[in-house]
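Construct all of the structure, not just a fragment, from the sequences and the given hints.
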Amino acid sequence: MEKGKGKPFLEVLSSALHEDYRFPILEIFAFLYVLGTFALVNIGSLGFALGSVSGEAVAFRVVTSAIGFSLFVFLILIFKNIAFGLGSDLEKGIIQTYFSYPLKRSRILSAKLVSAVGVSIALFLGIQILALFILAPGIVLPHMGVVLLTYTASLSYPLIITGVLLVMAMIFRRGALTLVIGIVLYFVLSIVSGIVTVISLATNSPLPLQILSVFSPSTIVSQYYSATISFFSTNSWAPTFSQVLLSIAASYVIAAVLFSLGYYYFSRRLNL
Amino acid sequence: MAIVVAENLAKSYGGVKAVNDLNLTLKEDTTTGLIGPNGAGKTTTIKMILGLLKPDRGKVEVFGENPWDNPKIRPLIGVVHEKAFFPSHQKTLDYLERTCRIFGVPETRASEVLKLIDLQDANNRQINALSAGMLQKFSIAHALIHSPKLIVADEMTANLDPQARISLFDLVLQLHKDQNVTFLMSSHILPELSRVCDSVAIMNQGRVLAAGKLSELYEKYSAGTIRVSADKPEELANEIKTLAYVRKVEVDVRGILVQVQGQDENSFYEDVSRLAKKVDAKIQGIETGSASIEELYNRVVRGSEGGRA
Numbered sequence: 000m001e002k003g004k005g006k007p008f009l010e011v012l013s014s015a016l017h018e019d020y021r022f023p024i025l026e027i028f029a030f031l032y033v034l035g036t037f038a039l040v041n042i043g044s045l046g047f048a049l050g051s052v053s054g055e056a057v058a059f060r061v062v063t064s065a066i067g068f069s070l071f072v073f074l075i076l077i078f079k080n081i082a083f084g085l086g087s088d089l090e091k092g093i094i095q096t097y098f099s100y101p102l103k104r105s106r107i108l109s110a111k112l113v114s115a116v117g118v119s120i121a122l123f124l125g126i127q128i129l130a131l132f133i134l135a136p137g138i139v140l141p142h143m144g145v146v147l148l149t150y151t152a153s154l155s156y157p158l159i160i161t162g163v164l165l166v167m168a169m170i171f172r173r174g175a176l177t178l179v180i181g182i183v184l185y186f187v188l189s190i191v192s193g194i195v196t197v198i199s200l201a202t203n204s205p206l207p208l209q210i211l212s213v214f215s216p217s218t219i220v221s222q223y224y225s226a227t228i229s230f231f232s233t234n235s236w237a238p239t240f241s242q243v244l245l246s247i248a249a250s251y252v253i254a255a256v257l258f259s260l261g262y263y264y265f266s267r268r269l270n271l
Numbered sequence: 000m001a002i003v004v005a006e007n008l009a010k011s012y013g014g015v016k017a018v019n020d021l022n023l024t025l026k027e028d029t030t031t032g033l034i035g036p037n038g039a040g041k042t043t044t045i046k047m048i049l050g051l052l053k054p055d056r057g058k059v060e061v062f063g064e065n066p067w068d069n070p071k072i073r074p075l076i077g078v079v080h081e082k083a084f085f086p087s088h089q090k091t092l093d094y095l096e097r098t099c100r101i102f103g104v105p106e107t108r109a110s111e112v113l114k115l116i117d118l119q120d121a122n123n124r125q126i127n128a129l130s131a132g133m134l135q136k137f138s139i140a141h142a143l144i145h146s147p148k149l150i151v152a153d154e155m156t157a158n159l160d161p162q163a164r165i166s167l168f169d170l171v172l173q174l175h176k177d178q179n180v181t182f183l184m185s186s187h188i189l190p191e192l193s194r195v196c197d198s199v200a201i202m203n204q205g206r207v208l209a210a211g212k213l214s215e216l217y218e219k220y221s222a223g224t225i226r227v228s229a230d231k232p233e234e235l236a237n238e239i240k241t242l243a244y245v246r247k248v249e250v251d252v253r254g255i256l257v258q259v260q261g262q263d264e265n266s267f268y269e270d271v272s273r274l275a276k277k278v279d280a281k282i283q284g285i286e287t288g289s290a291s292i293e294e295l296y297n298r299v300v301r302g303s304e305g306g307r308a
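Heads up: the sequence lines are chains A and B, in that order.
Residue numbers 0 to 271, in numbering that gives the first Met the number 0, belong to the letters of the first sequence in order.
Residue numbers 0 to 308, in numbering that gives the first Met the number 0, belong to the letters of the second sequence in order.
Please keep in mind that the hints were generated in silico from the structure rather than gathered at the bench.
Quick caveat: nothing in here was measured; it's all calculated off a predicted structure.
Cβ coordinates follow ideal geometry from the N, Cα and C atoms, glycine included.
Each hint should be verified, as a subset may be incorrect.
[To be verified] Distance condition first, Cα-Cα at most 25 Å in a straight line; then the derived PhoX-like pairs of lysine-lysine:
#	chain 1	residue 1	chain 2	residue 2
1	A	91	B	90
2	B	53	A	91
3	A	79	B	90
4	A	103	B	71
5	A	103	B	58
6	B	247	B	231
7	B	247	B	277
8	B	231	A	103
9	B	277	B	240
10	A	91	B	82
11	B	240	A	103
12	A	6	B	231
13	A	6	B	148
14	B	82	A	103
15	A	91	A	79
16	B	231	B	281
17	B	53	B	26
18	B	26	A	6
[Unchecked claim] Ranges of calculated distance between the beta carbons of each label pair, as one might list FRET restraints:
#	chain 1	residue 1	chain 2	residue 2	range
19	A	187	B	88	26 to 36 Å
20	B	60	A	132	21 to 31 Å
21	B	27	A	270	26 to 36 Å
22	A	260	B	173	24 to 34 Å
23	A	144	B	130	30 to 40 Å
24	A	187	B	1	51 to 61 Å
25	B	1	A	260	36 to 46 Å
26	A	264	B	215	41 to 51 Å
27	B	122	A	144	48 to 58 Å
[To be verified] Residues on chain A that point at chain B, a partial pick, calculated with CB under 7 Å:
#	residue
28	6
29	10
30	14
31	18
32	21
33	92
34	95
35	96
36	99
37	101
38	102
39	104
40	150
Put into structure tokens, the structure is as follows:
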């Protein structure tokens, strides 16, 4: 027993990585990340670096430009991993095999999530930061706080959707169905987000955007930096830095609650 | 020493009782067959013993511990599911070596078990390229990797050809004899189970109807059962039915199965000889006691369903 201590988690993780990132899926997604990120950083830095706006706003715009397309590709990879790495494993019964190993259920789920979500995020951030430092060092280096805040805000929304998907994968136990739910959910929430923004502009009320910011704090970060320069202002809402931090914290709390729900269900309620 | 103790277990699926007030004790160093018709609750029982299902009521202990989410007892248990489930994009030997590392046993054990189960030729094959039979064998190899004290197998011989089934049961006997491995096996193929099991638990409608050593169950449930082999079984059976103390008469390919009231067995020998002469039938043999596990199973299950046993 003691001889194998510490190994089961790493072995289940290694097995999950082997299944989640097998040829050619990883290569295709990595190519899309690199292509998308480098292209967008380049366009972003060209478009905004020449403008007469504050350095912080430029850094924010460059980072959000870089995130745009790559975030979608990265989300699809996470959805695929959750759907097929967890949903299909439940569907086929591979989780039953993992449950015969000397490992707590929560550790098995952690191994699956590190593989499905953690590695994808690391891949995404690694390529993003590399692209930013290679193509726009003069813009991002003096404003690392902005870069950090923008990424922190951008990642909570995908994590919330992933949390929902995690619970869905356990309830439905069907890989393909989980993937479809994830993609539909993403587009529905994007449409809802657009409608909320339009309502806010039409009514000139910041309330819809404030609510949206709890789920997608990129909205408030965008408002925060846009408000510092009149050119980007869309309405009268000028959030404070504390409000920005509060929204980001609230969104991570929601994501944490969803993941905790997933862990609770997996550890205490999941009957196979 | 009891390795598995299940007390008053109950599990329902959407209002349908799969297991209802089940009691089962599995002693160390036994090979126990869990038998019963489809829907008897065998798989549900096995899953609760393995900690894959949480009972609605009652308690189950394996090696003195609650099996639900309990990694402490996992190295003591080997599991073979009815359908084998493994990450499919890995090679057989690689995955077994990974399993060795998980259980902290030398990686050389992977090749050993593949050879033991006669799967060494497939050691470089991807798991998803294995046939159903090979996958089942791989599942058995996977269960043996850490030399468990208890092996729980749900329909272990499903998908295996006759030769592989014979080899597997030889292996079960060998493991039981040499390493004192305790087995709990469910199967629909009763003669095979009777070959390797020294105990059985007969289930129906979510309950254990009878459990214990096979020899004791035969004695308990087979008193008054006589098998008659004759060259005109149908005619002779019709005559036997006329005897007042005969409770039941069945004709099958092996002859006539007769159930009499215990105290009349001796009278039966005289009467059947007389009846055979009457219909000009030649008696080839008479056996007392239930001659097969199927008959034992039928008596117990039919008895529970209110039929004439």
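Exercise. Report the numbers of all earlier hints that the structure fails to satisfy, in ascending order.
Key: 8, 11, 12, 18, 20, 22, 23, 40
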